[in-house]
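**Q** Each chain sits in its own coordinate frame; assemble them with the hints.
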Amino acid sequence: MAEQILMKGNEAVAEAAIRAGCRFFAGYPITPQNEIPEYMARKLFEVGGTFIQAESEVSAINMVYGGAGTGTRSMTSSSSPGISLKQEGISYIAGAELPALVVNMVRAGPGLGGIQPAQGDWFQATKGGGHGDYRLLVFVPASVQEAIDLVGQAFELAEHYRNPVMILGDAVLGQMMEPVVLPEPVDLAKLPQKSWATTGTGGTRKPNVVNSLYLDAELCEKHNFKLQEKYRQMTEREVRFEELNMDDAEIVLTAYGTSARVAISAMKRARSEGLKVGMIRPITAWPFPYEPFRKASERVRAFLDVEMSAGQMIEDVRLAVQDRAPIFFYNRMGGMVPTPKAVLEELHKIDHSLKRDKLGGRLGV
Amino acid sequence: MSVKVFERPKALSSVIFHYCPGCTHGIIHRLVAEAIDEFGVQGKTIGVASVGCSVLAYNYFNVDFQQAAHGRAPAVATGIKRCLPDRTVFTYQGDGDLASIGTAEIVHAAMRGENITVIFVNNAIYGMTGGQMAPTTLLGQNTTTSPGGRKPERAGRPIRMSEMLSQLEGPAYIARVSTHNAAQVARAKQAVKKAFQAQVDKKGFSMVEVLSTCPTNWGMTPNEALKWLEENMLPVYPLGEFKTEPGLPGPSAAKTTVPTREVKTD
Numbered sequence: 000m001a002e003q004i005l006m007k008g009n010e011a012v013a014e015a016a017i018r019a020g021c022r023f024f025a026g027y028p029i030t031p032q033n034e035i036p037e038y039m040a041r042k043l044f045e046v047g048g049t050f051i052q053a054e055s056e057v058s059a060i061n062m063v064y065g066g067a068g069t070g071t072r073s074m075t076s077s078s079s080p081g082i083s084l085k086q087e088g089i090s091y092i093a094g095a096e097l098p099a100l101v102v103n104m105v106r107a108g109p110g111l112g113g114i115q116p117a118q119g120d121w122f123q124a125t126k127g128g129g130h131g132d133y134r135l136l137v138f139v140p141a142s143v144q145e146a147i148d149l150v151g152q153a154f155e156l157a158e159h160y161r162n163p164v165m166i167l168g169d170a171v172l173g174q175m176m177e178p179v180v181l182p183e184p185v186d187l188a189k190l191p192q193k194s195w196a197t198t199g200t201g202g203t204r205k206p207n208v209v210n211s212l213y214l215d216a217e218l219c220e221k222h223n224f225k226l227q228e229k230y231r232q233m234t235e236r237e238v239r240f241e242e243l244n245m246d247d248a249e250i251v252l253t254a255y256g257t258s259a260r261v262a263i264s265a266m267k268r269a270r271s272e273g274l275k276v277g278m279i280r281p282i283t284a285w286p287f288p289y290e291p292f293r294k295a296s297e298r299v300r301a302f303l304d305v306e307m308s309a310g311q312m313i314e315d316v317r318l319a320v321q322d323r324a325p326i327f328f329y330n331r332m333g334g335m336v337p338t339p340k341a342v343l344e345e346l347h348k349i350d351h352s353l354k355r356d357k358l359g360g361r362l363g364v
Numbered sequence: 000m001s002v003k004v005f006e007r008p009k010a011l012s013s014v015i016f017h018y019c020p021g022c023t024h025g026i027i028h029r030l031v032a033e034a035i036d037e038f039g040v041q042g043k044t045i046g047v048a049s050v051g052c053s054v055l056a057y058n059y060f061n062v063d064f065q066q067a068a069h070g071r072a073p074a075v076a077t078g079i080k081r082c083l084p085d086r087t088v089f090t091y092q093g094d095g096d097l098a099s100i101g102t103a104e105i106v107h108a109a110m111r112g113e114n115i116t117v118i119f120v121n122n123a124i125y126g127m128t129g130g131q132m133a134p135t136t137l138l139g140q141n142t143t144t145s146p147g148g149r150k151p152e153r154a155g156r157p158i159r160m161s162e163m164l165s166q167l168e169g170p171a172y173i174a175r176v177s178t179h180n181a182a183q184v185a186r187a188k189q190a191v192k193k194a195f196q197a198q199v200d201k202k203g204f205s206m207v208e209v210l211s212t213c214p215t216n217w218g219m220t221p222n223e224a225l226k227w228l229e230e231n232m233l234p235v236y237p238l239g240e241f242k243t244e245p246g247l248p249g250p251s252a253a254k255t256t257v258p259t260r261e262v263k264t265d
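Chains as they are written, first to last, in numbering that gives the first Met the number 0: chain A, 0 to 364; chain B, 0 to 265.
Hints were generated in silico from the structure; no laboratory data involved.
No false leads were slipped in.
Just the calculated beta-carbon pair ranges, DEER-fashion: (1) G39(B) - K205(A): 17 to 27 Å; (2) E45(A) - T143(B): 49 to 59 Å; (3) M335(A) - R156(B): 44 to 54 Å; (4) K225(A) - R7(B): 32 to 42 Å; (5) K225(A) - S13(B): 26 to 36 Å; (6) S13(B) - M175(A): 55 to 65 Å; (7) E45(A) - R156(B): 46 to 56 Å; (8) F328(A) - T144(B): 42 to 52 Å; (9) K225(A) - Q166(B): 40 to 50 Å; (10) Q166(B) - R239(A): 50 to 60 Å; (11) G148(B) - N223(A): 34 to 44 Å; (12) K221(A) - P258(B): 52 to 62 Å; (13) R156(B) - M175(A): 51 to 61 Å.
Derived list of chain A stretches under chain B, where covered just means 3 residues or more per stretch with a C-beta under 8 Å from a C-beta of chain B: (14) 13-27; (15) 41-53; (16) 58-67; (17) 196-204.
All C-beta atoms in this analysis are idealised placements derived from N, C-alpha and C, irrespective of residue type, glycine included.
Just chain B, with the same shape it has in the complex (with noise of 0.2 Å):
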């Protein structure tokens, strides 16, 4: 008798992948499904799609889906959210789309507490556009932007999204996982579990950024890739968990923001 242990997510859709070879989005696709069929919500929820490598997520989830103009996904998701409110929204972005021209979308969407989760997918490098600088960027990291590497004192330094997006009250939950090794991978399944979660219980905002590789535009085989994740990025996009309202699983995150007074009016 066979038992089967493995198969795909009902909410991921029985195509071939663009993705190129040793990329993670794959996984993170995986991962955003399981949490949808797990959470048995697949009838009711709208993707949002952006701008980059995900451009073409829409293709590959078994959902309802808005493919945004770039960066602004989570003003597409809101609009969506605010129309209907008992179904599960979530935008997919990368950090071209998110940390670059999408800063204004996603710091207010956050602060507005908008109860939709963002899957941020952070590879430190435009893929899709063939591998320009991104604000994500490490300093040093060569791209066709930064030829030589990048330079402070010409393009800054990384952003970090989590980090300040965590200083704002909308956000129920805020986390930075990793897909390079399967351990760390079983953690980012915990944490897109914990965003959905938050969004089920309408406690707000959640994201889940999700450090990721770019073999191709990085110029690495994808062992190699994963290997620079780990030695490199770590360093500059610590793990863990930013932000947990009480009340989601597992321990609460210390709290980095003072709930603001309500000032009485007429």
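Bound conformation, chain A alone (with noise of 0.2 Å):
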């Protein structure tokens, strides 16, 4: 077996990409994903690949671009403030179709917020970010090891689907160490050729475009439409989530990333008090695993999303569950992340009020 090593989260993520074959990273730095860059700025080059500190978020994305219009596996991390300055190089790569991978380490917001974690960037994750129709395939992994594996498979995606890849972590998973076990290295020369990278023609093939720009309108529409048609094979093939506990659950929790790791705690403990909470946890945030909700939606008496934002996954939970259960939701917001404890309270107060209402549970929010 391979062996286990204690790893700081930004620097497994980073040393995961390299793994995988990444040999171009732009960033700029931003507290609290700074070890990615750094850690990329010690190791890249001894593998034959480039580190570049950008001179801002906006530049370093647009050197992505460029390097990944290469074919080289490319990637680029920040924080919250800074992926915002990233999103029109985010929606140019979505437009112009190339692979790259984007790690997200949230902070709190909004502005200049705080550097703490915090999870308020799913809408702008999930929803679009950036200008026009595209969507990102957006891991939202909750430990360390998770995180490993994810960076992998994002490669892998981002040039299978040829669309940008998100890594959604926050302060937590970047800061924090935990054991884990690294995969072997990819062989970069048994990777698939990319036809349509601007590698120079050689004089033997037609050039290369990498671009996302059609004036003519029915162009467009036709390129849109084939992005669309991306998106739907991605929510048909790429939907990952975790469900816990769920044979008997009559309260299910949900949270992802760090909250999910609380409410798994507190799942745990709720358990051994009696209350039959289960759990579902989302590893794709998009596409958003709105199934096995749908499906809990039919059986169980509620639902308990727990987030450190002021409510946004909690829309795609109410998308897949609809009226068929009343949801609850618990928060903190701002840096300051829930504790076990707090969320095993919520989870009691709904227990008590379901069995206070006549109707067995079927109460409104």
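**A** Right, dumping it as structure tokens:
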């Protein structure tokens, strides 16, 4: 078995990217993700890759556009305010159908906000962020190991769909250390050839053009329909989630990333106190796992959504559950992290109110 | 027996330009394509188109191309060049793109001495969007956003990018040329070649600022526009080489920068 080592989340993401074949990184300093560019600055040249500290996040994402356009596995990382600046480039990368990885170690907002963990960028990551009709494949890992595993998949899927992929973590995931097992490095020579890449024609083919401009409205519509077909395929094939204790669950917790870790602790204590609590943990924020929520909503008594935001994922949960079961919400914001104790108290409150309800727990919220 | 003395450069595609009558983009495209042909690098060249009238440059050059967001061409070119250091990479940008929205990208690509070539077409106006004021617009020049002429108290004074960038250590070659007559076009050709030479020799960043006309948005005939360029733009934007690394053809321009000393690190 491969060796288990202790690694900080940010550094683990960087190492996983190198092992997944990332050979171009452009970034700009911002807390709490600085260990990613710092790690890349130390290690990427050793494997024949290039690290650039760009003059801004705007420039960094456009360097990634250029690098990705050559067929080189390319990435950038940042945290919330920096990701806002990258939105222009992300829209262009999606429009030009380039594969790239963008890591967002989310901090509190809006504005300069704070440097503590938060989950206020769900809307930005899953509903657009930049201009135009595009989607990102968005992974929301809840552990350092899961982040490592998803980085590898992110590069694969980015190339498969020719679409940018985002890892949406937060300051906790980036800053904490956990025991992990690193994957074997991919063999770059064995990766599929990219016939679309701008590498120079070599005098043997017609020029390749990396472009998102379609001045003819009919062609632009055609391009948009093509993009939408890719997104439809993603919603069919790439939905990832985890279900815990769902067989007999009466109350379903849902949370992602750091708040999912807290929710799992609360669920375990609730179980030991006799509450039948299960959990659905999205691993892809987009495409969102609507189906497990819809299925659960037909038999469970209530949902409790826990977020470090004002309630962003809950809109997707509502779309899935509709009015088939009540959805309760517990949150902390601004860099505060919920405690298992507080979530447990919410679960007890919900349980009490459901028992009081003569109709057997069909409460509105 | 007939001898062919003039033909389309191989690096130019056989299509009709969309440029307005009298616009000098066509001439400048040709100069770039001729340089690519003469260095024999067509098969290993990647161009970067910007936003503005030259947004469709990828349709006109018979080489691989990437189309960049407004102002970001030097960042995109940096990404390409760093991933493929043995390729020839050039950007083709206008003055709105390079001297306004893209100032951060051009300054820092030059600062890093990115081994790319920048063709900077300066016509003192936003052409594609319909004749708005650019940072390069002359004082008193009438545009749709400086009606009655650019006034310094409202909109500042024209920016001289070549002079500005030549203060940096990164650039190997910076020159300003013009297209207002045949002699100047011939000089422009030499400058474009020298810029590509700097890249082929791995000397660092090179830029040629090409003064250009915009008859449509200047509201002039092509001939009037050429005359206007000569009479009004040349005094504000003097022609010449602002920086030439030793080793490039021709006399070296006086070095305006003192190389920075490296500090010792453990």
